[in-house]
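Visitor: If you want the building blocks of each chain, they are given just below.
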Amino acid sequence: MKAAIQKLLEKYFEGKTSLGEEAELRACFREEKVPKELEPYQSLFRFFEEEKKRQLGSGFDDQLLQQLKKKDKPVKIRNLFPQAIRIAAAIAVLIGAFFIYQTINKPKTSAKRIVWENYEIKDPKLAFEETKAALRLLSSKLNGGANKAAEEVEKIKKVSKIFK
Amino acid sequence: MGLKEFQENILPIKNRLFRFALRIVSEPVEAEDVVQEVLVKVWKNREKLDEVTNVEAWCLRVTKNLCIDKLRSKHKRVVSFSSESPETLRISDKGANPYQIASMKDTFQYIQDLMNRLPEKQKAVMQLRDIEQLTYKEIAEALDITLNQVKINLFRARKEVKDQLVRLKFVEK
Chain X
228 MKAAIQKLLE KYFEGKTSLG EEAELRACFR EEKVPKELEP YQSLFRFFEE EKKRQLGSGF
288 DDQLLQQLKK KDKPVKIRNL FPQAIRIAAA IAVLIGAFFI YQTINKPKTS AKRIVWENYE
348 IKDPKLAFEE TKAALRLLSS KLNGGANKAA EEVEKIKKVS KIFK
Chain A
911 MGLKEFQENI LPIKNRLFRF ALRIVSEPVE AEDVVQEVLV KVWKNREKLD EVTNVEAWCL
971 RVTKNLCIDK LRSKHKRVVS FSSESPETLR ISDKGANPYQ IASMKDTFQY IQDLMNRLPE
1031 KQKAVMQLRD IEQLTYKEIA EALDITLNQV KINLFRARKE VKDQLVRLKF VEK
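Going down the list, the protein sequences come from chains X and A. One rule links them: number in this note's numbering = place in the first sequence (from 1) + 227. One rule links them: number in this note's numbering = place in the second sequence (from 1) + 910.
One thing to keep in mind: the hints can contain errors.
Under the rule of at most 25 Å between Cα atoms (straight-line distance), these lysine to aspartate or glutamate pairs were calculated in the DMTMM-like manner [claimed, not checked]:
#	chain 1	residue 1	chain 2	residue 2
1	X	K280	A	D1016
2	A	K1072	X	E276
3	X	K368	X	E357
4	X	K243	A	E1042
5	X	K296	A	E918
6	X	K279	X	E248
7	A	K984	A	E940
8	A	K951	A	D979
9	X	K243	X	E277
10	X	K280	A	E1051
11	X	K263	X	E276
12	A	K980	X	E278
13	X	K243	A	D1054
14	X	K296	A	E940
15	A	K954	A	E918
16	A	K1061	X	E248
17	X	K279	A	E918
18	A	K1061	X	E241
For the record, the hints were derived by calculation from the structure and aren't laboratory data.
Work the whole structure out from these sequences, hints included.
Guide: What follows is the structure, encoded as structure tokens:
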């Protein structure tokens, strides 16, 4: 018996056992009493059996099935309402932007070009008199400004005399 | 496929997926999340399930990929699914002598640690063969590897476990 198990173990560690032979090894090592030199292998095969007993918790199935049902739920109309509002708002913005664009890009009425030739004084004598009048007007304005400045300077001189 | 058919045909594999996910991510809560994600995916793609030859193998593959994504997103060092050298539990590095380890009550925990330190592919193959008792063909489909790779990885995994047990002087060479 011991020799048979040892031979099977040798084959096992060479990776040459069939599923049936491995089941045989597991059955041998399920026994309480095994030869001392085979005890470590007993631990190994019992470990494999214990590992196979590991399972998911009892609530796993219900949790999963609930999740799967949610994934299959049809989209409610009520949920579409906020979406519809968003779409309508986006369309309104687009329409508004279109009208603004149209207004900005409307061709402007161009300003009428002044035809200076219509205002040109053809007569030289008349042109000279008009020029003199324009210059006299300019001079009077400039003098007015200079007199004003002189008045202010006098005022400042009077004030500075007080503080001396 | 209706909900009833889903409950009868698909839900029964949940524990196998859970144990497989747990082997990769090591944390029960995360493993449970992964399984839930996988089954939701199956439900969403239930119309296309006729095109899948082996639904369980497909589920195991999705489980593996989601676990790797989860580990990466948590910036955990993910050993790529390859047959690289294991992070062997070096008893001497831990500072405990073999006799101290040998007297430990929790041998199962020790073997658990041993298994968890195997390279990802070896760990996955050992999980699916020694614990889930899948055939080599089923394992190859689940992990998207060849039959030969299944055999090589299983051999290396079992050898590593045995070598570690020998180091502990549990077993005579």
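Visitor: Against this structure, judge whether each hint is valid.
Guide: Hints, one by one, checked against the model:
For a cut-off of 25 Å, the pair hint linking K280 (chain X) to D1016 (chain A) stands: about 17 Å separates their Cα positions. Proposed proximity of K1072 (chain A) and E276 (chain X) is supported: the alpha carbons are some 18 Å apart, at most 25 Å. For the hint linking K368 (chain X) to E357 (chain X), the alpha-carbon distance of about 17 Å falls within 25 Å, and the restraint holds. Of the supplied pair hints, the one linking K243 (chain X) and E1042 (chain A) holds, its CA atoms being roughly 17 Å apart against a limit of 25 Å.
Pair hint K296 (chain X) plus E918 (chain A) holds up; C-alpha atoms about 16 Å apart against a cutoff of 25 Å. In summary, the hint linking K279 (chain X) to E248 (chain X) is supported, as the alpha carbons are separated by about 18 Å, within the 25 Å threshold. Taking the CA atoms of K984 (chain A) and E940 (chain A), the gap is near 11 Å; set against the 25 Å cutoff, the hint holds. Annotation: proposed proximity of K951 (chain A) to D979 (chain A) holds, straight-line Cα distance about 15 Å (limit 25 Å).
Proximity of K243 (chain X) to E277 (chain X) is assessed by CA-CA distance (about 23 Å); at most 25 Å being required, the pair is judged to hold. About 24 Å separates the Cα atoms of K280 (chain X) and E1051 (chain A), which keeps this hinted pair within 25 Å; it holds. Proximity of K263 (chain X) to E276 (chain X) is assessed by CA-CA distance (about 20 Å); at most 25 Å being required, the pair is judged to hold. Our distance criterion of 25 Å between C-alpha atoms is met by K980 (chain A) and E278 (chain X), whose separation comes to about 23 Å.
For the given pair, K243 (chain X) sits about 21 Å from D1054 (chain A) by alpha-carbon distance, which is consistent with the 25 Å threshold. A C-alpha spacing of about 23 Å is found between K296 (chain X) and E940 (chain A), which places the hinted pair at or below 25 Å, so the restraint holds. Of the supplied pair hints, the one linking K954 (chain A) and E918 (chain A) holds, its CA atoms being roughly 17 Å apart against a limit of 25 Å. Taking the CA atoms of K1061 (chain A) and E248 (chain X), the gap is about 16 Å. The hint holds against a cut of 25 Å.
The hinted pair formed by K279 (chain X) and E918 (chain A) meets the criterion: a straight-line CA distance of about 21 Å does not exceed 25 Å. Between K1061 (chain A) and E241 (chain X) the alpha-carbon distance is near 10 Å, which keeps this suggested pair within the 25 Å criterion.
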